[in-house]
Amino acid sequence: MTAVREEPPVQEVAGRRIGDAVFSRAALVSSLLVIVFLAGVAVFLLIKGLPAFDAEPDQLNERSSLWSLVGALLFGTVLASIIAMLIVTPLSIGLGLVISHYAPRRIARPVGFLVDLLAAVPSVVFGLWGIIVLAPYLQPMHEWLVDNLGWLPFFDGPASTTGRTILTAGVVLALMALPIVTAIMREVFAQTPRAHEEAALALGATRWEMIRMTVLPYGRSGMVAALLLGLGRALGETMAVAMVLSATGVVVNWDVVSSQSSNTIAAYIALGYKEASPIKVSVLIFAGLALFLLTFVVNFLGRWIATRGVVKG
Amino acid sequence: MTSTPPAEPGGRATDTIDPFSTGPLPPDPTAPAGRLPRLAALLTGVVALAAGGLLGVILGWGVAPVVAVAWVVFVVAFPLWSLLVENRRKAVDRLVTTLVWTAFVLAMIPLVSLMVTVVAKGAPAISGNFLTADMSGRALLDGSGGIFHALVGTLLVTVIAAVIAVPVGVLTAVWLVEYGKGTRLAGVITFLVDVMTGIPSIVAGLFAFAFFQVVLAEPLPRLAVGGGVALSLLMLPTVIRAVEEMLKLVPEDLREASYALGVPKWRTIVKVVLPTAVAGIVTGVTLAVARVAGETAPLLLIVGTAYQTNWNPFDGGTATLPTFIFGSLSKTSHFKYGDAWSDAIWGAALVLIVIVMTLNVVARVIGSVFAPKTGK
Amino acid sequence: MPGVAALALLLTACGGDDDNGSGGNGGEASGVDYGTLEGELIAGGASSQESAQNAWLVGFQEVAPNVAVTYEPVGSGDGRTNFINGGYAFAGSDAYLTDDEGELSDATERCAGTDPIEIPNYVSPIAVIFNVPGVDELNLTPEAVAGIFAGEITSWNDPAIAESNEGANLPDADITPVHRSDESGTTENFTDYLDAAAGDVWTAGVVETWPTDAGGEAGNGTSGVVQVVTENENTIGYADASQAGGLGQANIGVGDEFVPPSADAAAKILEVSPRVEGRPDVDLAVDLDHTTAEAGVYPIVLTSYLLACQQYEDQATADLVKGYLSYVVSDEGQELAAAEAGAAPLSDSLQEEIQGIIDGISASS
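Chains as they are written, first to last, in the numbering used here: chain A, 1 to 313; chain B, 1 to 376; chain C, 1 to 365.
The hints are simulated quantities; they were obtained by calculation from the structure and are not laboratory data. Quick caveat: nothing in here was measured; it's all calculated off a predicted structure. Some clues are possibly wrong.
Said to hold, decoys possible - Taking lysine to aspartate or glutamate and the EDC-like style, the derived pairs with C-alpha atoms no more than 20 Å apart in a straight line are:
#  : chain 1 : residue 1 : chain 2 : residue 2
1  : B       : K121      : B       : D343
2  : B       : K248      : B       : E178
3  : B       : K336      : B       : E178
4  : B       : K336      : C       : E335
5  : B       : K248      : B       : E218
6  : B       : K336      : B       : D315
7  : B       : K121      : B       : D142
8  : B       : K265      : A       : D20
9  : B       : K181      : A       : D20
10 : B       : K181      : B       : D253
11 : B       : K271      : B       : E178
12 : B       : K336      : C       : D100
13 : B       : K181      : B       : E252
14 : B       : K121      : C       : D264
15 : B       : K271      : A       : D20
Produce the entire structure from the sequences given, and follow the hints as far as they go.
Below is the structure:
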């Protein structure tokens, strides 16, 4: 690394001041740009979304009010995302640990590479794969769940005959979020100072104890950040859900295996946008605003948890 | 699979000191000093599979339940064996190792399935013509052309997005971590970055559309730069977050060592902090690029559709791979040419993945060139 | 592909030799010399028209090589919006303009105060597609179609289906009806038919989004519905016939006979249906008569309109639109769309009437 050996001459000190000033200003201006961008988007959303309050029930999919519509959609969005995160959390931690700590290098590298690639698969392709491969494969599982766990409100049935339910959509969402979450997790795990790990091992810790004592606490904030990014993708995902989910209109349904699925906001926008009249567009943008707020609340909570629980190594 | 880490002295570590106060290591004075044979995992696996298979044959199951039963047997039997022969701590370690690898396998099955589907369906479509021709003229009807126009469009739009988002994102993260730390403004910006993560992609498209409508005074702006702006909005929070997390993980000692040598702050950041975190930053940026390269909805609004190659990012619509895929989807059930379009879709998906793969490799090479040589 | 080459030659030949304005005899291009046209046209709208529009713009490009036309399949709603705000020179829309939200007035304003032109340029049968093992031919009465999609007929061997399919090997299996999950003109036209032909069975009225309580599975877009029906047995759905892939298509009961979906049978419905009342001469909006008992008419059709102006702000745009639309309604244009997109060709009289309207397109200044 760079090391300055001698006392710098005077003009270099001046240069350094200018350098510092320029650099910090540039950084500050960039940060302020974020505010400008966001203000633009927010103003735009509000102007275009507020006329939605004038909408009549037949522009609201027969829901009584705008709030009832948005509420039902929020329910579906959260439901699908919860399913996705229930799957993503254990899998991404496992996958991240395998790549960073368990697998030998010659396996870990190609696997990490493969996972990165999957982040680029367009959601349309995830949707196609979901319809062609995943839904038929998961359909028997739907029937099994209804037969054996039917006493739970989630598996009330009747099971969908095509498997294109919010459960399948959740699995697709999980797979879409998985590459992003895993890629960050593994970087975070790999950042654990080597000295900590070796100290733990030298003290006779097993591998799991070493991970529990050094890797996980050190990476906690990063892990939460990774999961949040994944959740962000799951919440806002449009095309894959619109294609995989067999949802019509807007209903609130706890049942995750029936074909009468709850719909998600993003898919609702995608499905309705094409043929929308001006007021309907406002309704859709208003729904977008609701999604925006939901994602924000989730992010904010997550950020708060992350900063509260940081353990500095 | 269960190669043990080095420097692990069997079960004799009874009096360890816990340096991180996250829970004491339980001393286990009664631990037998035994050790499982090297092939224990394999052995248990075979036995478990045999048990599952036997049940399967008797009850006439398919493959999935057999594997499930075998897995349950393995998860119970393997740590149990370890508990009997070794000690409790090693048994827990074996259990966790099994679970971690299970998560790995569970995650890889669908991902590999998806990859295989894309490659198997996409590879036959790839040909010289497919990569160098566009879909103008008769090809628009029968899908016999290629995706060169979409390829050019994707490159233009993604590069523009990256050119906007990466410098702004990296500088913002630098400011947040190195300059603004603890200030009120930093709090506000961190907050706003969080807000930005939630922008639905279609909203970014609507925003870019409205923006260029005003700037260009055209009722229907169609330009690749607009697509770049929309995508950069989506990239920015991902880039900032990723870079921020990586910068935070750079040990404070490095910075202090650099300052102590009289290196100015900006040079410390450029020469010490950023290079240390470069691998993570490159991953973050690549992921962000990968994420937006597959984005469809905002591009439909601002770059529109085109059947010819358009190299000019400032004027005229252009096709991109995702919008091409999305647009061609409606043609896959065409009574005459459906199959040709279906092939084109999978081919385009494969090409998109290959592009991102190339980007990934390039980024990694760049990253490793600039990264400081450390023990890792 | 020799056929395509021959067609291309034919097109070029036709494009070259008619520069005298004869007012259109049966749709021969009139008053427009395609070869001299130059410029760029952006249009868009209904995705149902996409393959037909693609056929026309490819054909048009061959006769007028200096013109670049783009049709963006953004959907009817966006098509109308962009037409009204001046972004599109013309638009495709599955629904005609109305003043329910002021769109008709806005469009009049956009067209320099003249009434907007509305032409039913794309007519295609909506096929009832099914995937039932062992069944290749299926006859359905209007009541049976409505009963199935309303969720009241739930088994393939229900008497309501079996009666009209003697000898067919109908399985004792549950019917899975498949509908569009998105808002679409196809759903609107299909429910329009159900409502008119079997209103006592189908009680949900005419809707653009499928009613929630009717049940069944859903697919996104025409290709989504076709995909679901193809992938799953014992399913039945509805889709633009030209986009229905290789699936079985039911014959629909009209009067006493069962009519298979075909472009010609669908085109006939425009002949027997009344125009929307109170519209100016340039507005050919039609209220389809689904209950017709006329022989050989296929009653479930998708009609899509072309929206254009009588007056454009500049001469160049007026000439281009005039040229392109003339090509669309010309014999060549209609044949090409029928061959490549499965669209029903317009009748001679309608072609002539539309050509007359197109000839009136001019610049306002």
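Here's how the hints hold up against the structure:
The straight-line distance between the Cα atoms of B:K121 and B:D343 is roughly 7 Å, inside the 20 Å bound, and the hint therefore holds. For the hint pairing B:K248 with B:E178, the CA-to-CA distance comes to about 9 Å; that is within 20 Å, so the pair holds. Restraint check: the Cα-Cα separation between B:K336 and B:E178 comes to about 61 Å, which exceeds 20 Å; the hinted pair is violated. The hinted pair formed by B:K336 and C:E335 meets the criterion: a straight-line CA distance of about 15 Å does not exceed 20 Å.
For the suggested pair B:K248 and B:E218, the alpha carbons sit about 45 Å apart, so the restraint of at most 20 Å is broken. The suggested pairing of B:K336 with B:D315 is violated, with an alpha-carbon distance near 34 Å, which exceeds 20 Å. Between the alpha carbons of B:K121 and B:D142 the distance comes to roughly 19 Å, so the proposed pair stays at or under 20 Å and holds. A threshold of 20 Å between alpha carbons decides the hint, and for B:K265 with A:D20 the separation of about 6 Å falls inside it, so the pair holds.
A threshold of 20 Å between alpha carbons decides the hint, and for B:K181 with A:D20 the separation of about 16 Å falls inside it, so the pair holds. At roughly 17 Å between alpha-carbon atoms, B:K181 and B:D253 fall within 20 Å of each other, so this suggested pair holds. Taken as a hint, the B:K271 and B:E178 pair is honoured in the structure, with Cα atoms around 14 Å apart against an allowance of 20 Å. A distance of roughly 39 Å separates the Cα atoms of B:K336 and C:D100; the hinted pair therefore is violated under the 20 Å criterion.
Note on B:K181 and B:E252: the hinted pairing holds, with a Cα-Cα distance of about 13 Å set against a maximum of 20 Å. Distance check on the hinted pair: B:K121 and C:D264 sit about 36 Å apart at the alpha-carbon level, beyond 20 Å; violated. Restraint check for B:K271 and A:D20: satisfied, since their Cα atoms lie roughly 13 Å apart, inside the 20 Å limit.
Checked against the numbered hints above, the structure breaks hints 3, 5, 6, 12 and 14 and satisfies the rest.
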